[in-house]
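Q: The lines below spell out each chain.
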Amino acid sequence: MSDHTPLSSLNSLQYAPAPESRAVVTLQSAYGHFINGDFTNPASSEQFATLNPATGEQLATVAQGSDADVDAAVAAARKAYEKVWSKLPGSERAKYLFRIARLIQERSRELAVLETLDNGKPIRETRDIDVPMAAAWFFYYAGWADKLDYAGFGPQPAALGVAGQVIPWNFPLLMAAWKIAPALAAGNTVVLKPAETTPLSALLLADIIRQAGVPDGVVNIVTGDGRTGAALVNHPGINKVAFTGSTEVGRIIQSAVAGSGKKLTLELGGKGANIVFADAPLDETIEGIIDGIFFNQGHVCCAGSRLLVQESIHDDVIERLLRRVEQLRVGDPLDKNTDVGAINSAAQLAKITELSDAGVLEGATRFTSSCALPSTGFFFAPTVFTGVEQTHRIAREEIFGPVLSVLTFRTPEEAVAKANNTTFGLAAGIWSEKGSRTLWMAERLRAGVIWANTYNKFDPTSPFGGVRESGFGREGGRHGLESYLNV
Amino acid sequence: MSDRVSVTKTYKMYVNGAFPRSESGRTFVLNDVEGNFLANVAHGSRKDIRDAVVAARGATSKWKSATAYNRGQVLYRFAEILESRHDEFVNLLQLTDGVSAKKAANDVAKAIDLTVWYAGWTDKIAQVFGGTNPVAGPYFNFSIPAPCGVVGIITPAVNSLSGFVATVLPALASGNTVVVVPGSHAAIPVAVTLGEVAATSDVPAGVINIVTGTVSELAPILASHEDIDGLDLAGAGENRPELGRLASATITRVVDSDLRDLHDLKRLRAFIDTVTVWHTIGQ
Numbered sequence: 002m003s004d005h006t007p008l009s010s011l012n013s014l015q016y017a018p019a020p021e022s023r024a025v026v027t028l029q030s031a032y033g034h035f036i037n038g039d040f041t042n043p044a045s046s047e048q049f050a051t052l053n054p055a056t057g058e059q060l061a062t063v064a065q066g067s068d069a070d071v072d073a074a075v076a077a078a079r080k081a082y083e084k085v086w087s088k089l090p091g092s093e094r095a096k097y098l099f100r101i102a103r104l105i106q107e108r109s110r111e112l113a114v115l116e117t118l119d120n121g122k123p124i125r126e127t128r129d130i131d132v133p134m135a136a137a138w139f140f141y142y143a144g145w146a147d148k149l150d151y152a153g154f155g156p157q158p159a160a161l162g163v164a165g166q167v168i169p170w171n172f173p174l175l176m177a178a179w180k181i182a183p184a185l186a187a188g189n190t191v192v193l194k195p196a197e198t199t200p201l202s203a204l205l206l207a208d209i210i211r212q213a214g215v216p217d218g219v220v221n222i223v224t225g226d227g228r229t230g231a232a233l234v235n236h237p238g239i240n241k242v243a244f245t246g247s248t249e250v251g252r253i254i255q256s257a258v259a260g261s262g263k264k265l266t267l268e269l270g271g272k273g274a275n276i277v278f279a280d281a282p283l284d285e286t287i288e289g290i291i292d293g294i295f296f297n298q299g300h301v302c303c304a305g306s307r308l309l310v311q312e313s314i315h316d317d318v319i320e321r322l323l324r325r326v327e328q329l330r331v332g333d334p335l336d337k338n339t340d341v342g343a344i345n346s347a348a349q350l351a352k353i354t355e356l357s358d359a360g361v362l363e364g365a366t367r368f369t370s371s372c373a374l375p376s377t378g379f380f381f382a383p384t385v386f387t388g389v390e391q392t393h394r395i396a397r398e399e400i401f402g403p404v405l406s407v408l409t410f411r412t413p414e415e416a417v418a419k420a421n422n423t424t425f426g427l428a429a430g431i432w433s434e435k436g437s438r439t440l441w442m443a444e445r446l447r448a449g450v451i452w453a454n455t456y457n458k459f460d461p462t463s464p465f466g467g468v469r470e471s472g473f474g475r476e477g478g479r480h481g482l483e484s485y486l487n488v
Numbered sequence: 700m701s702d703r704v705s706v707t708k709t710y711k712m713y714v715n716g717a718f719p720r721s722e723s724g725r726t727f728v729l730n731d732v733e734g735n736f737l738a739n740v741a742h743g744s745r746k747d748i749r750d751a752v753v754a755a756r757g758a759t760s761k762w763k764s765a766t767a768y769n770r771g772q773v774l775y776r777f778a779e780i781l782e783s784r785h786d787e788f789v790n791l792l793q794l795t796d797g798v799s800a801k802k803a804a805n806d807v808a809k810a811i812d813l814t815v816w817y818a819g820w821t822d823k824i825a826q827v828f829g830g831t832n833p834v835a836g837p838y839f840n841f842s843i844p845a846p847c848g849v850v851g852i853i854t855p856a857v858n859s860l861s862g863f864v865a866t867v868l869p870a871l872a873s874g875n876t877v878v879v880v881p882g883s884h885a886a887i888p889v890a891v892t893l894g895e896v897a898a899t900s901d902v903p904a905g906v907i908n909i910v911t912g913t914v915s916e917l918a919p920i921l922a923s924h925e926d927i928d929g930l931d932l933a934g935a936g937e938n939r940p941e942l943g944r945l946a947s948a949t950i951t952r953v954v955d956s957d958l959r960d961l962h963d964l965k966r967l968r969a970f971i972d973t974v975t976v977w978h979t980i981g982q
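Protein chains in written order, with our numbering: chain A, 2 to 488; chain B, 700 to 982.
This is chain A alone, in the form it adopts within the complex (with noise of 0.2 Å):
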């Protein structure tokens, strides 16, 4: 592109500062656990903070959960199921999650700036993605509650009892309702475990759960760190793990699942391959690959975090992704304006800043963005690199934050190779006009998910989850009831 006349106009305007109140949202200074119906006194005197992660100010302290927290929530989830959810028929439990996704969409300004506090992502997402597609998710699965003997499983297919549920801090409220939602629906009652960093939408959900009546006991949160987590998979009294996360934890429960009966589904993480031909829609395209890696600030498991290019448009497409990066608003999450917001945590973007140092000593090309960086709190420039080669960390490591490395190849097959050239498979994305090869490529790419000349998208009715050591299971669809019966 030589001529650069009308971004140059637009490089001058100006945003003002549009700041989502965040009045909405009432703080406790502390919060105990949610089991059997209440939130309880934690066993163990054990606190520790939740922080704004793009301020670094403390918003709340929350607990650790103890090995006795753990028990009494998994008693509590046990008598629920026992006494009262197990009984009830299907159209009444599909009531429950159908309050519950209506008081979802009541609270909705609310949980969106809490999570936008807790977890530092931009409040047009949390608004626009999150908090509306969590309500979605309560409705969809609501509908499945009586229609089980209809789900494909054969006849009256049995709930598994006890969930034990550990979610990780990119998605807090959805995740959770991804979570919650189905096992409900199939008649489990939960043990859920919000992630350290981000507990508070979880909590939040609680009192949702409380308002819309649901049995004492069917739903209960305990947050803490790891080693909550950790007594919770391996706590006996419980029949099915979930586990969303990174591939490294995903190892340790399956181990640790080995042989006790217990069901087991894993959403690990990944190293999406984004794939563009050379008659793709440009313009979209370059859309789709903003999207892919710098939504939610790469902190996606299935994020688009290698760019596929197709040697032949190389040099145009980097230079027009270049020229929208740099366009990207970084910087307060509240601020409806901004495109990219905080990095979740200090570890998080030590981790970030690490792999990106790597990717320059190793001899790719760096590209950082030139926009300024807030002076407090967690935020990393958007950053894309060019000549990355397949043996580089940064083209094979999940690096979850907002950087992209570029790749390129000749012909379909080469495609493939490079995409598949990883011992992940959750998603990929092509980008060309030609149906046919489209088709052919999803055919051969090792990916749970696929999107065709889009990117980073979700439905409650769209199975999602990956293959090797992305895990296994779906969560979505009626593929994601499976998860939660005894079939």
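No lab work stands behind these hints: they were computed from the structure.
Treat each hint with caution, since some may be false.
[Stated by the list, open to error] The list that follows gives simulated cross-link-like pairs (lysine-lysine, BS3-like), each with its CA atoms no further than 25 Å apart: (1) 88/A x 148/A; (2) 965/B x 148/A; (3) 809/B x 419/A; (4) 823/B x 148/A; (5) 419/A x 763/B; (6) 148/A x 84/A; (7) 435/A x 763/B.
Use these hints to put chain B onto chain A, whose structure you have.
A: Quick look at chain B alone, frame taken from chain A:
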């Protein structure tokens, strides 16, 4: 009139469409249930498992990309050959499983019918386990059941014929290739003979591989192999927890339940990875 001296069979493994001995050169003596000498069986090693996995991996593309119709025809051909060797299996089962002639005939009939049942599944799986998803947006979204890849199978220690068919056929029907370790010494003769059935059934070389030996030695090698995508521990008994731990190193999909129902939809679904494709709709 004296009986003629029969030509006895050498029991070898079945790997990549051929019948090799163990690379280790080891054999062990296998007697029938009466204690009479039956064979010197190939005593497979770590290297044999590795060779079998390489063969199975090499065959994945051909088997997976064959049409479902074609896979069904091949598995039906497997049933045809099984039927043609009906009497041989009836005799063998009496020697190895120690069952009566009547029970053996019943077992063989069940195994043949079960093979036909699975042959009929190949071109139904995508419709029954896959489908389109009505996402809220301008996308055509569909889910396809795809095979995991290479599945390691420890067949049940007992009921050697139906146990083999009920664990191996579901993995094949969904498009996987397999490395099979017979779950007991007694299960080996039938497994080896089924390898001969496979070899004459148009099953492509490498799709079914059978490594004979001792389960306690071979199962951990199979479970910890990094290029195994799925593991059926039907015949692994009390070693399942340990084998499951080994499999966790590479997030291998594990079935660790006993074989209860021969028509086991759980096993048919176990080694399927659902792939969901979103495609934009527009002008």
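Q: If any of the earlier hints don't hold here, list their numbers in rising order.
A: Violated hint (a single one): 3; every other hint is consistent with the structure.
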